[in-house]
Amino acid sequence: MNEAVLNELAEPPTGVNAPPETEDSLNIEYTDTVGQPMCENAKFRTKNVNVFYADNQAIHDVSLDIGAHQVIALIGPSGCGKSTYLRTLNRMNDTIDICRVEGQILLDEQDIYAKKQDPVLLRARVGMVFQKPNPFPKSIYDNVAYGPKIHGLTRNKSELDDLVEEALIKAGLFQEVKDRLHAPGTGLSGGQQQRLCIARTIAVQPEVILMDEPASALDPIATAKIEELINELKENFTIVIVTHSMQQAARVSQRTAYFHMGRLIEVGETDQIFTNPAHELTEKYITGRFG
Amino acid sequence: MSLENTENSMNNTELVKQSLKKRYIKERVFKLMGLFSIATAILFLLILLVDIASKAMPAFSQTKITLPINLDAEKLGLDVSSSKQDMMGADFRTVIRAALLKQFPEVTKRKEKRALYSLTSMGAEFQLRDMVIENPDLLGQSIEVDFMADDDVDAVIKGSIDRNLPESDRRVKDQKLSWIETLEQSGQISTGFNWHFFSSGDSREPEMAGIKGAIIGSLYTLLVTLALSFPVAVAAAIYLEEFAPKNRFIDFIEININNLAAVPSIVFGLLGLAVFINFFSMPRSAPVVGGIVLSLMTLPTIIIASRSAIKAVPPSLREAALGLGASKMQSVFHHVLPAALPGILTGTIIGMAQALGETAPLLMIGMVAFIVDIPQSVVDPSTVLPIQVYLWADSPERGFLAKTSAAIMVLLFFLVAMNAIAIYLRKKFEKKW
Chain A
0 MNEAVLNELA
10 EPPTGVNAPP
20 ETEDSLNIEY
30 TDTVGQPMCE
40 NAKFRTKNVN
50 VFYADNQAIH
60 DVSLDIGAHQ
70 VIALIGPSGC
80 GKSTYLRTLN
90 RMNDTIDICR
100 VEGQILLDEQ
110 DIYAKKQDPV
120 LLRARVGMVF
130 QKPNPFPKSI
140 YDNVAYGPKI
150 HGLTRNKSEL
160 DDLVEEALIK
170 AGLFQEVKDR
180 LHAPGTGLSG
190 GQQQRLCIAR
200 TIAVQPEVIL
210 MDEPASALDP
220 IATAKIEELI
230 NELKENFTIV
240 IVTHSMQQAA
250 RVSQRTAYFH
260 MGRLIEVGET
270 DQIFTNPAHE
280 LTEKYITGRF
290 G
Chain B
0 MSLENTENSM
10 NNTELVKQSL
20 KKRYIKERVF
30 KLMGLFSIAT
40 AILFLLILLV
50 DIASKAMPAF
60 SQTKITLPIN
70 LDAEKLGLDV
80 SSSKQDMMGA
90 DFRTVIRAAL
100 LKQFPEVTKR
110 KEKRALYSLT
120 SMGAEFQLRD
130 MVIENPDLLG
140 QSIEVDFMAD
150 DDVDAVIKGS
160 IDRNLPESDR
170 RVKDQKLSWI
180 ETLEQSGQIS
190 TGFNWHFFSS
200 GDSREPEMAG
210 IKGAIIGSLY
220 TLLVTLALSF
230 PVAVAAAIYL
240 EEFAPKNRFI
250 DFIEININNL
260 AAVPSIVFGL
270 LGLAVFINFF
280 SMPRSAPVVG
290 GIVLSLMTLP
300 TIIIASRSAI
310 KAVPPSLREA
320 ALGLGASKMQ
330 SVFHHVLPAA
340 LPGILTGTII
350 GMAQALGETA
360 PLLMIGMVAF
370 IVDIPQSVVD
380 PSTVLPIQVY
390 LWADSPERGF
400 LAKTSAAIMV
410 LLFFLVAMNA
420 IAIYLRKKFE
430 KKW
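If you read the sequences in order, they're chains A and B. Taken in order, the first sequence gives residues 0 to 290; the numbers are from numbering that gives the first Met the number 0. Taken in order, the second sequence gives residues 0 to 432; the numbers are from numbering that gives the first Met the number 0.
So here's chain A without its partners, still in its complex pose (with noise of 0.2 Å):
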């Protein structure tokens, strides 16, 4: 991503002072997907993906693939069913008594809604770090070694805290931390709170990390530090972040998806979307006019 594009996102060029368009004014059409919603060595397929609350529909038949190690953006205004999208993806939507999934979700090209997928084990490979950093009321420690413990993937007490210090020196909290791994979880600031939430998924070793506006409840040096984080996880984890921020999108990145409505109006590499989108939607949310 260039600082030209980065500076005229964050400054929106003048001309564009014209009051907010509404859903009315903007005469949808809805179409199919723009762009590449397709890609090579896809990690997640997702085919004609609907979700309904009770009879409220949430997702618009959205089909998308999501490439092994590297991390993809979701934007779009909020309430335009990105969250609930991202959740179908570790099926944290079945905690949901009248949610309802239909349509086709391959994680490797298995599918997770089959019978016989079990929801702990594939919450085991695809991880997930929440909006506001949530620790156990717990240590640091414990807080970070309670997935490896309840799943069993170590042997005795030096290999748990070998895994522990691995994952935190990963989420770039080890320094921080290391003298106080005892100390309430709870006690961090805000910023440090989330890298512990993602060391604590890191520490399951899954394979896609999902991540639901991580930065949106956090200062802009404890975001600056969660990108930085993100951008050093991609070597080894496939991520999907939701994300409000045009500009942590665009810097965080490799693909964007804009969604509307419930719909997924376009996908693309993230320069593309953000320098020349082929949607109208899409152009009219980067730029600013709505959201």
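Hints are computed from structural coordinates only; laboratory data are not their basis. Just so you know, nobody snuck in bad clues.
Okay, the calculated bits of chain B under chain A, using three or more residues with CB under 8 Å as the criterion:
(1) 305-318
(2) 321-327
What follows is a set of in silico ranges between Cβ atoms, one per label pair, in the way DEER data are often shown:
(3) A:Ser188 x B:Phe192: 56 to 64 Å
(4) B:Phe242 x A:Gln116: 15 to 23 Å
(5) B:Lys426 x A:Glu279: 54 to 62 Å
Note that the Cβ used here is the ideal one computed from N, Cα and C, for glycine as well.
Let chain A serve as the given structure and place chain B on it in line with the hints.
Chain B only, in chain A's frame:
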């Protein structure tokens, strides 16, 4: 009215100013009313406590009469090698009577003798017997023993019987009063802390009646209640909150749990009588039945408290656990339950305190019986603290008046202690997130 109109907004300031005064007066009146209500409540509480405490005071001290006793082994028919059985059967009463007669040799008439013998408690001979059984070497010796005084003597010494009343209006007659005064002058009457009250069971004699039987009975009953209601209620609350599907049947169960909390407690007593005693032939007057009945009563309280505690655990905690691949069960037992524990424990202890003070259902299952023995297990007949209060309040002897208040104080002490534990546990397990 246009908002830009300056004149109007001036008027608005005036209007706000006028209404401000009214608002502040309302606020002050409300505050005063609140303060007044609190003051009234505290006043009544104080009156109650002072009244009970002042009435209970006499029960915590006991008058004693010191008598020189000659433990004549031959008269008792005992020697150092006598078995415990023999000692139990020996006639210690005559020894005490002899001591009293020696003290007041002028008494010769049968009627007067009987009055003289009633200076010491009926329990005096057992007191002496127990001393000798514990230390057989005392046989043959002359010793001084502090005997428990009869409740009438006790009442005279503590002033609850007025010595200046004319004899006809007085329960203790002139002759007896003169004996008491003689003993007083010779320093043979003393008062001490009434340990007996805390170490013995109930009795028909006020000076011998103790609270221990009721305390142990309450303890056993509460143990059974806790053992039954805590696991069942917490399991029910977890199931209803975390696992139960949302359907009509579950709604129906929820409504009925709330209804159960409002059922008059005596109904549970009737149920206990009909089902546990009559149908299952469980023992009457036993803490085990009392505990079962009380746990039926406390179940809804604990379930409701536990459910709201579980509901208050932030969903983000559950999601965090599930997101790491914990099963539903693991997320509940590793994270939700520990976070909800302070609330659950508080609810449980409130339920227990309620059970401790409950009387009506226990009347129905026979725990109102007069029981002297201290229960040794949950199936022994026993009574509980509130029923002991009821039983003593029902007795005509003056000595029981103080005992009743003292029993209330013991009950209140346990209630306050339980609430203190509840607060301590809540503070201890409370965690911030």
